[in-house]
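**Student:** Assemble chain P onto chain R, guided by the hints.
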Amino acid sequence: MDKLQLEVLTPGRILLETEADHVVLPGSMGEMGILPQHIPVVTMLNGGVLSYFVGQKQSYLAVQGGYAQVDNNRVTVLVERAAFAEEIDVVVAEQDEKDAAEHLKQLLSKSSSRATEEEYEVERKRAAAYEAQLLWAIARQSASQQK
Amino acid sequence: MPSLKEIRNRITSVKKTQKTTSAMKMVSAAKLNRAEDTIRRARPYAAKLRTVVSSLSGKLTPDDNPLFRDQDGKRVAVVLMTSDRGLCGGFNANLCKLLARTLHEEGVDSAEMHIVGRKGRDFFRRTNHQIAADYPDARPEQHLDIVFTVLDGLTARFAAEELDRVYLVFNEYKSILTQEPTIQTLLPIRPLEDTEEVEEQEVLFEPDVEELIGPLVQQYIQNQMYTAWLGTLAGEHAARMTAMDSATKNAGEMIKQLNLYYNRSRQAAITKELIEIISGAESL
Chain R
1 MDKLQLEVLT PGRILLETEA DHVVLPGSMG EMGILPQHIP VVTMLNGGVL SYFVGQKQSY
61 LAVQGGYAQV DNNRVTVLVE RAAFAEEIDV VVAEQDEKDA AEHLKQLLSK SSSRATEEEY
121 EVERKRAAAY EAQLLWAIAR QSASQQK
Chain P
148 MPSLKEIRNR ITSVKKTQKT TSAMKMVSAA KLNRAEDTIR RARPYAAKLR TVVSSLSGKL
208 TPDDNPLFRD QDGKRVAVVL MTSDRGLCGG FNANLCKLLA RTLHEEGVDS AEMHIVGRKG
268 RDFFRRTNHQ IAADYPDARP EQHLDIVFTV LDGLTARFAA EELDRVYLVF NEYKSILTQE
328 PTIQTLLPIR PLEDTEEVEE QEVLFEPDVE ELIGPLVQQY IQNQMYTAWL GTLAGEHAAR
388 MTAMDSATKN AGEMIKQLNL YYNRSRQAAI TKELIEIISG AESL
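If you read the protein sequences in the order shown, they are chains R and P. Mapping to the working numbering: the first sequence position 117 is 117, numbers consecutive. Remember, the working numbering sits 147 above the position in the second sequence when you count from 1.
Just so you know, not all the hints are guaranteed correct.
Lysine-lysine pairs mimicking DSS-like chemistry, simulated, CA-CA at most 30 Å apart [unchecked claim]: (1) P/K152 / P/K321; (2) R/K57 / P/K195; (3) P/K166 / P/K403; (4) P/K244 / P/K321; (5) P/K162 / P/K172; (6) P/K396 / P/K321; (7) P/K195 / R/K3; (8) P/K152 / P/K166; (9) R/K125 / P/K162.
Okay, the calculated bits of chain R under chain P, using three or more residues with CB under 8 Å as the criterion [to be verified]: (10) 20-33; (11) 37-50; (12) 70-81.
Distance ranges between label pairs, derived from CB positions [unchecked claim]: (13) R/F84 / P/T167: 44 to 50 Å; (14) R/L108 / P/N180: 42 to 48 Å; (15) R/F53 / P/E349: 23 to 29 Å; (16) P/E319 / R/Q106: 40 to 46 Å; (17) R/R124 / P/M173: 41 to 47 Å; (18) P/E308 / R/V122: 24 to 30 Å; (19) R/I14 / P/A279: 35 to 41 Å; (20) R/A128 / P/M401: 54 to 60 Å; (21) R/V122 / P/M401: 50 to 56 Å; (22) R/E31 / P/H251: 37 to 43 Å; (23) P/E349 / R/V54: 28 to 34 Å.
By construction, these hints were calculated from the structure, which means they are not laboratory data. Quick reminder that beta carbons are idealized off the backbone N, C-alpha and C, glycines included.
Just chain R, same shape as in the assembly (with noise of 0.2 Å):
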């Protein structure tokens, strides 16, 4: 049978390449599996948790904000964030949930008051970066829930 070439790029390094038999991948509509001769698709990727097989050996990455594009049997999958399930530090990433809840509900609270639009602006932003450092905690953790 073919197999799937996986890459799992972010931009500041290659994380893997490998050669898998079938693919998970977190997509926006719900997980999606990918099987060799899958047809082409180009999909939104949710924070979460990817994994592949090779053979029967399960292997899990947590992923975060980014696309995959399935080809000819190249799966590519570009995120901004990526980590292997294995070198995920669990006590790290509730910490940083936590942190991040604190900041996002300490936000919340604070910005019901009239602000102008910068500062509005600025709130929003600040406000979507905690929201990412929350999902991303969460994804690491559900991935090394999965090893």
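**Tutor:** Chain P in isolation, oriented as in the chain R frame:
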């Protein structure tokens, strides 16, 4: 003819300059190493993103996304990336000159300039182009954030048809010895030239084209910016290293010449003194 003491002073001063240039070379080399490493690691991602976007761009029309709208016009915005400091050969000057010439050829008299780096600002302050924003006090690490903010604004205005073109102008980092001044059309997004003809096959988009393409394109542009920024950073150090290397060599050459001259003059002076003594003794 300069006196012996003057020559001696000259030699000392050149030696000191040489010390400075060679130290600067070392510093740049160290910084370059780090910058080059970053850029090398960033390249695969950029290349892949490019492939993804280019494999899609053939299937897309301006209707799918306003950032593909291609039209002539003279409302041009430029994002120019230069370095803050000089002493790096033609690194900044070549880039600025190329940009000025290109704009002139295109008949754009007054482009809207967003300039990162002091050197670019100094160059374009003397021209008709209108400097919309510069950031002389920002540290290089902050440049990326600045550029992204600028980019958001420009993208929105382009989508609202307030701008016709957005250029990204930077030195592309090819190798330590070559940095290529590059003017890249950031917007509109044009199908890439090196697009291979992909066989017409239906591609599935999830969630759907409209929702997907916006963020994807945004990320693509940002990544282009990021790569350009890394290139500028690495290029600056590379250019400075090369410039300082040749400066050190030139200083060495100069010291050699001056030493030769110094020794000759010293000998001439001694000979002259001897002749004076001998002729004085003879006349007695």
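**Student:** Are the hints correct? Go through all of them and say.
**Tutor:** Right, here's what the structure says about each hint:
1. For a cut-off of 30 Å, the pair hint linking P/K152 to P/K321 is broken: about 47 Å separates their Cα positions.
2. Of the supplied pair hints, the one linking R/K57 and P/K195 holds, its CA atoms being roughly 27 Å apart against a limit of 30 Å.
3. Of the supplied pair hints, the one linking P/K166 and P/K403 holds, its CA atoms being roughly 15 Å apart against a limit of 30 Å.
4. At roughly 20 Å between alpha-carbon atoms, P/K244 and P/K321 fall within 30 Å of each other, so this suggested pair holds.
5. Between P/K162 and P/K172, the direct Cα distance comes to roughly 15 Å. Compliance with the 30 Å bound is thereby established for this hinted pair.
6. Between the alpha carbons of P/K396 and P/K321 the distance comes to roughly 24 Å, so the proposed pair stays at or under 30 Å and holds.
7. For the hint pairing P/K195 with R/K3, the CA-to-CA distance comes to about 20 Å; that is within 30 Å, so the pair holds.
8. Restraint check for P/K152 and P/K166: the C-alpha separation of about 21 Å stays at or below 30 Å, so the hint holds.
9. Proximity of R/K125 to P/K162 is assessed by CA-CA distance (about 53 Å); at most 30 Å being required, the pair is judged violated.
10. Beta-carbon proximity to chain P at under 8 Å applies to 4 residues in the stretch 20-33 of chain R; the threshold of 3 is reached and the given coverage holds.
11. With 6 residues bearing a CB less than 8 Å from a CB of chain P, the stretch 37-50 of chain R meets the requirement of three and the coverage assertion stands.
12. Only residues whose C-beta sits within less than 8 Å of a C-beta in chain P count toward coverage, and the stretch 70-81 of chain R has 3 of them, enough to reach three; the restraint holds.
13. One distance hint, 44 to 50 Å for the beta-carbon pair R/F84 and P/T167, holds here, with the actual separation near 47 Å.
14. For the pair R/L108 and P/N180, the supplied restraint of 42 to 48 Å holds, since their beta-carbon distance comes to about 44 Å.
15. Separation of R/F53 from P/E349 is about 27 Å and conforms to the stated range, judged on CB atoms against 23 to 29 Å.
16. Look at P/E319 against R/Q106: about 43 Å separates their beta carbons, and that is inside 40 to 46 Å.
17. Separation of R/R124 from P/M173 is about 45 Å and conforms to the stated range, judged on CB atoms against 41 to 47 Å.
18. Checked against the given bound of 24 to 30 Å, the beta carbons of P/E308 and R/V122, roughly 27 Å apart, stay inside it.
19. Judged by the Cβ atoms, the range 35 to 41 Å given for R/I14 and P/A279 holds: they are separated by roughly 37 Å.
20. The supplied range of 54 to 60 Å is met by R/A128 and P/M401, whose beta-carbon atoms lie about 57 Å from each other.
21. Remark: the range hint 50 to 56 Å for R/V122 to P/M401 is upheld by a beta-carbon distance near 54 Å.
22. In this structure the hint that R/E31 and P/H251 lie 37 to 43 Å apart at CB is violated, the actual value being about 55 Å.
23. Checking the proposed 28 to 34 Å range against P/E349 and R/V54 shows it holds: the Cβ atoms sit about 29 Å from each other.
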